[in-house]
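4 protein chains.
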Amino acid sequence: MAYKDEKLNEEKVFKDPVHSYVHVRDRVIWDLIGTREFQRLRRIKQLGTSYLTFHGAEHSRFNHSLGVYEIVRRILENFAHRPNWNQEERLLCLSAALLHDLGHGPFSHSFEKVFNLDHENFTRAIILGDTEVNEILIKVSPDFPQKVADVINKTYKDKLVVSLISSQIDADRMDYLQRDAYFTGVSYGHFDMERILRVMRPYDDQVVVKETGMHAVEDYIMSRYQMYWQVYFHPVTRSAEVILTKILHRAKQLYRENYSFKIEPTPFLSFFNDDVSLEDYIRLDESVVMYYFQMWTEEEDSILSDLAYRFMNRKLFKYIEFNPNSQMSNLMELYQLFKEANLNPEYYLVVDSSSDLPYDFYRPGEEEERLPIHLLLPNGELNELSRQSEIVDAISGKIRTDHKLYFPKDLVEQLPANQKDKIMEILYKQK
Amino acid sequence: MAYKDEKLNEEKVFKDPVHSYVHVRDRVIWDLIGTREFQRLRRIKQLGTSYLTFHGAEHSRFNHSLGVYEIVRRILENFAHRPNWNQEERLLCLSAALLHDLGHGPFSHSFEKVFNLDHENFTRAIILGDTEVNEILIKVSPDFPQKVADVINKTYKDKLVVSLISSQIDADRMDYLQRDAYFTGVSYGHFDMERILRVMRPYDDQVVVKETGMHAVEDYIMSRYQMYWQVYFHPVTRSAEVILTKILHRAKQLYRENYSFKIEPTPFLSFFNDDVSLEDYIRLDESVVMYYFQMWTEEEDSILSDLAYRFMNRKLFKYIEFNPNSQMSNLMELYQLFKEANLNPEYYLVVDSSSDLPYDFYRPGEEEERLPIHLLLPNGELNELSRQSEIVDAISGKIRTDHKLYFPKDLVEQLPANQKDKIMEILYKQK
Amino acid sequence: MAYKDEKLNEEKVFKDPVHSYVHVRDRVIWDLIGTREFQRLRRIKQLGTSYLTFHGAEHSRFNHSLGVYEIVRRILENFAHRPNWNQEERLLCLSAALLHDLGHGPFSHSFEKVFNLDHENFTRAIILGDTEVNEILIKVSPDFPQKVADVINKTYKDKLVVSLISSQIDADRMDYLQRDAYFTGVSYGHFDMERILRVMRPYDDQVVVKETGMHAVEDYIMSRYQMYWQVYFHPVTRSAEVILTKILHRAKQLYRENYSFKIEPTPFLSFFNDDVSLEDYIRLDESVVMYYFQMWTEEEDSILSDLAYRFMNRKLFKYIEFNPNSQMSNLMELYQLFKEANLNPEYYLVVDSSSDLPYDFYRPGEEEERLPIHLLLPNGELNELSRQSEIVDAISGKIRTDHKLYFPKDLVEQLPANQKDKIMEILYKQK
Amino acid sequence: MAYKDEKLNEEKVFKDPVHSYVHVRDRVIWDLIGTREFQRLRRIKQLGTSYLTFHGAEHSRFNHSLGVYEIVRRILENFAHRPNWNQEERLLCLSAALLHDLGHGPFSHSFEKVFNLDHENFTRAIILGDTEVNEILIKVSPDFPQKVADVINKTYKDKLVVSLISSQIDADRMDYLQRDAYFTGVSYGHFDMERILRVMRPYDDQVVVKETGMHAVEDYIMSRYQMYWQVYFHPVTRSAEVILTKILHRAKQLYRENYSFKIEPTPFLSFFNDDVSLEDYIRLDESVVMYYFQMWTEEEDSILSDLAYRFMNRKLFKYIEFNPNSQMSNLMELYQLFKEANLNPEYYLVVDSSSDLPYDFYRPGEEEERLPIHLLLPNGELNELSRQSEIVDAISGKIRTDHKLYFPKDLVEQLPANQKDKIMEILYKQK
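From first to last, the protein sequence lines are chains A, B, C and D.
Take the first sequence: its position 311, counting from 1, is numbered 311 in the working numbering, and each next residue is one higher.
Take the second sequence: its position 208, counting from 1, is numbered 208 in the working numbering, and each next residue is one higher.
Take the third sequence: its position 192, counting from 1, is numbered 192 in the working numbering, and each next residue is one higher.
Take the fourth sequence: its position 300, counting from 1, is numbered 300 in the working numbering, and each next residue is one higher.
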């Protein structure tokens, strides 16, 4: 039997707190899960620094990747005998679902920002490069790795396949909303996925949703909205991320200034040099990062050791609301005052902004053009969601942005009275 | 106001997936949570190697410690105005609850076995030693650290206080059963804690349970039984632990043989030398262990690198049932065959045993003498649980033991046919 | 001890699937629950005809009334020591919460429409009249019944007390959203009540919500919106209600025409005569209604027996969307055609409309003037919810209305071809 | 297309709080649900008088019947392509599952006892008699009604089919344990049904369970045990049932003594005369019973009116433990004292016994011979559950019985002091 058609003698199941069970029958999927590159995802947290805000959020990307796979598996079970659906694409969909986050590193967001990386490039590199994952995919067919990479990259020709993994109501989002809600323990994030899966239909180049499921989709959109503002953009989580980013900045900066580290930061060198090999990237997981951060708490450089200590022991920055339109002069003044007080403002005075677009029906020309969600009417025609749902219409297209200014209040409070008072006045009086 | 009586301006809450919220009002508790030693518990998994069986089980001891604190807090809220209860002990109970697992290291079980350690000693050492935790406790009163240590050590004079933290139905067990069930996703582990908390009563030197709550307690005992056999003693989890233990053995062995490691195992040296300082212990968390394990996958020594690779990438040992009474000769024979095949049986042929006593009414003279659970009858008398509950009576005092033999089936299968066949015959034919 | 201060020897608890437990300590509350008038609520379904759409929705108003009581009890536990709160009002709040729905009869909506009744009048009448409830309330103090009635009637002087029971985020709504979601099994209706209760504050003449709880309140508003359209206004439920209303119409009409019923409709007589005594009202529960409906399935009058059969055996009317602006001429034509076909359009052609206002900040001059929800800012000022929440702003003040035309499709299909075709064409072609 | 093979154009779904959704595709099943006899189950509570103990337990047998159908549907989906399974039996299984409780009347237990009825006979009678249900079944094939009756009656030749509906781990039990737990709100009743369904296998004449699912089955058995003692045999529920039984006794007795009822008890006449026709039986639902009970609260006969008042308004009997071995003489004495006090002991002094056998491996020769649960070992052999599970072994075969003595404490307390004291002494001093 061809490798692509091989089934396990006995179905394997993973107990999953969110989907109850994850089912695997395909030999290919089972083998992919066993690879070193996929197992590595166990050592990368799904929500980065969120565990410092929500102590339950310690779950890994391994968790989430299995979940996305399982949702796609269930969708395809429903699609199996439907018109418009080509069952040949099944294994491709499952593989892409499983592997879509393969290139994520530890605290991706910060690493990407500081070292100019893109985790999507690494996903592709792992799939196409000299890896255990590639070895398995290529056994399916010589062009299979490329196909999987194309689906994840949204360039695959069959857009229906792409939309299962990347659209405004894809398996990725449906898994992470529920999973992140489960592990953080927040009461948002509930929606009736079982119903949504039942009303999804393949339709030309996209997955659409039967009109009767509109309210379940509304609920999903609202859930998404709440999770963004309650969990993903939580200001405490962002404080931890600000510090983490500044640690990486500082270490890179020191390295470039030929600072002599007590212990050679070997795993980071290629990052500092802007020349990251695939193998270096794969080796980097959160254990490595946390190990070095712990080492750095004892470095000579007081900024690096302070920031590392803060991160390891959750001594985070405080924050105030910041309006970039009206308060730039305040920021300038603070910058100057911090400098005078020997609190390097590059590291100790940070504006962080988050913004979200809860649902959009069309964003032409943007890098990540979002596909709208279409409802399938009884007469077979489509209707874009926000034209039918008042609630979605009310929030669609509205970008909401939140700016905060982060700083180490404890250090400010230790400054001499005159310095401290001036700074505190600007920080807290202006409001 | 005395430090011990200080309240936070505003109650702090932690969103907790198991107890909904964890509430903190006492300044002392808040400060303890902020210490470096307590924050370190974020980097130690509650269930050790279980995440390799149940992918959801990635939660930390930090999680659990907050949970135990919260349960005790709720119990004491109910006790506040009851006779037999001395409200003066409140802060002591809360502190002991929060800190009871403070001395756990990464994968404690294996470390304790290989390096002859006892995490309880380290809990005491952290509480009494030169630590941030001690600094806070001593501000409550000079003898407060010792009291906290005594409660955790079960030597505190007021046994009622001790029994909140350590008994057959204590806050520790109630938290971990529910928490571990939640994160693994298994359907065991449910019992009506709200009801149990409502029927708990302080009574001389123990916490007892009103008779009307007997069935809730039965349910708790059964839940405990199921969790042990379904989760804690899961054979796959034990396979990972066997490997982990053998990695530590091997590294220690190599060190003692003056093997030259590619990268100096600095954090392990004092462990290898059987002379672990408190500071070394505190620094050791799972990041450090996983970082070194990853390094060791590339060591020269083939046993160390193989075992480390297995652990990091979940290439675990397989197992068969093993009866130590009837199959010792088989084991001897296998030992010999492994040796001949150059599979060092010290590392590649391991018997692991688990045993559990679901409930016991009396175990006099044993190290960890277990207190029975007493029901409080309407007439004010006590009755030991198993005398009243048929279901508990049926299982009480019965030790159940499970022995398994672990080995790397993949390596055996790669042996020359004659060696392989002999080994496989003994392993699989005997059953 | 004064009756109003009497506590039960031992707290009574009711196991509640929604709030886990309902706790009763006050003798007054316990006695009220035991009254004949309160026990009668067990025989009145909370959701009227919804059980014919959602088979789980068989729960009674007894259920819900205990739930509202419990929520108020928890709120007051939090209020106990707050400024702005007069603990003297506690028993009044609890009693009003428990009794607020006391005057509901079976399928209130239909009965009120057909017989021109108002359940709120009956609530007052039961509280103030010669009843077991009144007997208990008056023991608290002579003016206590009137106070309870005033609170329920929203005329009580202390508007803070009123707002616990009747406002846009009161205990009534919080209970029924969750309870109805639980029993129907829908996935809407979840919101973090525990959080909302924690951030509620007494403030002058209203209950306000701390700003930090805004997102939980948003979630509650969205939940409310979804429950209205997914559950309360479900078109199948409305079909059953249309039929029920028409049964009552028909029976009243027949009575007024001196029709001779096979079995005297004694319990309905005072309703038919527009002269309902309190005692007659109290006796009327769903058993009585269902008993008579079953009897009426065998009445001579074909309209009454047909409608009763339909209700008892769920042979409901079908429906189409109906636009009262553009389709009135169609309706007129159908009316004529039904008449010609001997399908009395008074009973067999019914327009039903539902409309909802998800949240409103101000509706001056309207009968049921809704109080807006206010957020309590850190500086102690208030801000109206929709001014701060984009999502609430987006939906506030928008009345949404849904019109449907109901008819017995089965009967139409049995008409002679020419009649049937004309009717069906108007019904289904027009869309 | 043959009626038996007809599928609905579009699958119908019922939202179900326990199983999330109930799915119907077969025209036959859909038509059966629509029958008058099946819709009647909406008016019969699943748990009889339990709603007076657990206010949430207001769900009907309609609910449960859909649930059993759904579980069997899921089992058969798994069986579809298995050896040992004859797919031809599918519709038979589904129909039998749906209809298995069709003959239940209101408060069956009491009615059966007082009027010597057997609901199973009525189930058969409805299936085979002149009913809407029979009309549908006969369209499948002339012998189909008989087959359905045989399956429910456990006399069908294919015992595998029977065991799906009636065995120690059948769809009936799996539904009611979960459903009754859900609606009462108790925390027992949870077990991993999804897992059990996955490991069920058809095997000759029974359904067996793969050994790997043993712990899930243990959990189910324990759940069953707890539900029996915590819910089904709750002493307050039994108090209500005692009263209900005595109401029926009294009414029958009065009728036989030619007592003249204020309102003719028409629906009960054939019951009083021990000659119940099928049509009379079908008409009797809880509305009828409750309607008459309400009427009877105003009857002349003081026993009947008192008991009816008690039932309607939940003024239940109190109870004490009663040991039939040692306390018979007390009972005799009480009997005499009650008589002397004019409290007719036939109605006011009632011993009620409940007993349960949690699991049995074999009960030969008994009326309802229970099939043991068999585990399917990897080698294809079977092993009886209690031989493998220590916990099941511990409780199997043990009949537990509970006797209680019920009486109206309120009436006793109103007796003259000397009578009252004597009675109270015997009741409460003896313990």
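If you're looking for bench data, these hints aren't it; they were derived computationally from the structure.
All figures in this text were calculated on a predicted structure; none of them were measured in a lab.
One should not assume that every hint holds.
With a straight-line Cα cutoff of 25 Å, these simulated DMTMM-like cross-link-like pairs (lysine to aspartate or glutamate) come out [said to hold, decoys possible]:
| # | chain 1 | residue 1 | chain 2 | residue 2 |
| --- | --- | --- | --- | --- |
| 1 | A | LYS398 | C | GLU211 |
| 2 | C | LYS139 | C | GLU89 |
| 3 | C | LYS12 | D | ASP402 |
| 4 | D | LYS159 | D | ASP205 |
| 5 | A | LYS262 | B | GLU298 |
Partial chain C-side listing against chain A, Cβ under 8 Å, derived [unchecked claim]:
| # | residue |
| --- | --- |
| 6 | LYS210 |
| 7 | ALA394 |
| 8 | LYS404 |
By construction, the Cβ of each residue, glycine as well, lies at the ideal position given by its N, Cα and C atoms.
Verification of the supplied hints:
1. A:LYS398 - C:GLU211: Holds, because 22 Å separates the two Cα atoms, which is no more than 25 Å.
2. C:LYS139 - C:GLU89: holds (16 Å)
3. C:LYS12 - D:ASP402: Status holds; Cα separation ~24 Å.
4. D:LYS159 - D:ASP205: holds (5 Å)
5. A:LYS262 - B:GLU298: Holds, because 23 Å separates the two Cα atoms, which is no more than 25 Å.
6. LYS210: violated (15 Å)
7. ALA394: holds (3 Å)
8. LYS404: violated (16 Å)
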